[in-house]
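Enquirer: As a plain string of letters, each chain reads:
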Amino acid sequence: MQSIVHVVLAGLSNGMFIWLVASGLTLIFGVLGVLNFAHGSFYMLGAYVSFSLVRALSPHFYLAMLFGPLVVCLAGWAVERWFLRAVYRLELPYQLLLTFAFVLIFDNLVKIVWGAGALHPPPGLGPLEGSVEILGRKFPIYSLFVIAVGPLVALALWALLERTWIGRIVRAAASDREMAAALGVRVPALFTGVFIFGTWLGAVGGALAVPYVGVLTPGMGESIIIEAFIVAVLGGLGSLKGAFLGALVIGVLNAFGTRFFPAFDMALIFLLMAAVLLVRPRGLFGVARS
Amino acid sequence: MILELDRIDTFYGSSHVLQGVSLAVAEGEVVALLGRNGVGKTTTLRSVIGLTAPRAGSVRFQGQELRGLPPDAIARSGIAYVPDDHRIFPTLTAEENLDIARRLSPRRGAFGKAEVLELFPRLGDLLRHRGASLSGGERKMLAIGRALMAGPALLLLDEPSEGLAPLVVAHLTEVLERIRREGITILLADQNLRFCRRVCSRGYILEKGRVEHQGTMEAIWGDPAVVTKYLVV
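In the order they appear, the protein sequences are chains A and B.
If you count the first sequence from 1, position 213 lands on 279 in the numbering used here, and the numbers rise without skipping.
If you count the second sequence from 1, position 172 lands on 1507 in the numbering used here, and the numbers rise without skipping.
Be aware that one or more of the hints could be misleading.
Partner residues are not named here, just some residues of chain A that face chain B (Cβ under 8 Å, in silico) [unchecked claim]:
| # | residue |
| --- | --- |
| 1 | F149 |
| 2 | V153 |
| 3 | E157 |
| 4 | R229 |
| 5 | R237 |
| 6 | A238 |
| 7 | M245 |
| 8 | A248 |
| 9 | L249 |
| 10 | G250 |
| 11 | R252 |
| 12 | V253 |
None of these hints come from the bench; they were simulated from the model.
From the three backbone atoms N, C-alpha and C, an ideal C-beta is built for every residue, glycine too.
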């Protein structure tokens, strides 16, 4: 029982990182209709930039966490403004090709700036050090913090989209960008804003991961984007509710796989995705896009 | 003239849909675009609002050239568009659909929410319903209401009477008359000649992307040769 609870908690904290990346991915797909394969790169850049800022601004960890993702937003702005706009009207394969190119570009950029080897954030970097005892075993406080951040972000996103004017405009443009434009919405500017916000969510995930993952590598964006894609597909492309639920399920399933079937952990996730898609091809909460 | 189209050419890809269309609408007028399916009526309206921008010619609204402006700028200049398929935002409630138009427009006209609900009392019961759950007729009312909330000087209506029962068409006729009395100019595309005769003063008949005939609605109605040649299916 003790072991199961700890595996679930570890799974939930992993799931929250996947959720932060998947939320941006889902928001961008839901509004812009773009499947951004480079979204994991924003997670990676968030981690690297925040790591550098943590060292530069130490001991002001929170400032680094605040400014790191904002710096990455500049990269998101440049990608959307100068490249993605050209492929909005093209088919999905062109978008995937372009964004995959950015995966390679950002990986190489990281290698140039921070080196090709792994970086190891020293222990005790962030606040909330130490652990608490849960059912007789220690569990990191920082992981509990991450578990709390995920639902807060989900709640904030829901409130933003459902309860604010900008949220209504975003939902309107997501469902019918042409009609939104005919009512006065500056759709290109709105899309840039949504893309930057999605970038920020991914980069916040990366920044939060710095004290958690123990090692930063130039390929760290790829592994999380695959999990985020699985989550987005499982939950239904474009559905934030689905992405949140999917991230929880994948995080916990992955933790169980790692604990009990280490040779088979990723296969479990793909098997679940295949099973859900066989029963519900649009995912758990997916709707048809017009 | 509040709206002047001068020899506009509009394309869908390589398909040359509008071929030198010219027309003019005076302030306060209700003018019809007539013609069979596929002659370019919808494309003319979309060319004015900028959703299918003309490649050549001129679109002048209140003396300002619109060609080259994005749809959002054209909308903010005082033109509202009601497409034939209504295009209600399905994930927003009826009230949010109305409010968003008001919020986005810098203009304030004669129609606020109270006035729109007075025009379409049925909408009052539907304010909290999502757009996706409304019937076709309800969406049509909401789409016209949403356009009015933007405070337009010119209202573009695509097939407003299409699919409506005769009683509802009669109500729509009264609604358009009320809108006209408030000083809003209307350019509408419709195939229902009887309806257009009741609400419009003049009409332009389109055929294969060109204006083939124009005149008062009474003159068009009274010319069997024109009606047979261009309007009867």
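Enquirer: Taking the hints in turn, state whether each one holds.
Expert: Cross-check of the supplied hints:
1. F149: violated, 20 Å
2. V153: violated, 18 Å
3. E157: Status violated, d = 15 Å.
4. R229: With a closest approach of 11 Å, the R229 (chain A) hint is violated.
5. R237: This hint holds: R237 (chain A) lies near chain B, its Cβ roughly 5 Å from the closest one there, short of 8 Å.
6. A238: With Cβ-Cβ at 4 Å, under 8 Å, it holds.
7. M245: holds, 4 Å
8. A248: Holds, because the Cβ-Cβ distance from A248 (chain A) to chain B comes to roughly 5 Å (cut-off 8 Å).
9. L249: Constraint on L249 (chain A) satisfied, holds at 5 Å.
10. G250: holds, 4 Å
11. R252: With a closest approach of 5 Å, the R252 (chain A) hint holds.
12. V253: Constraint on V253 (chain A) satisfied, holds at 7 Å.
Violation of the numbered hints given earlier is confined to hints 1, 2, 3 and 4; the remaining hints are satisfied by the structure.
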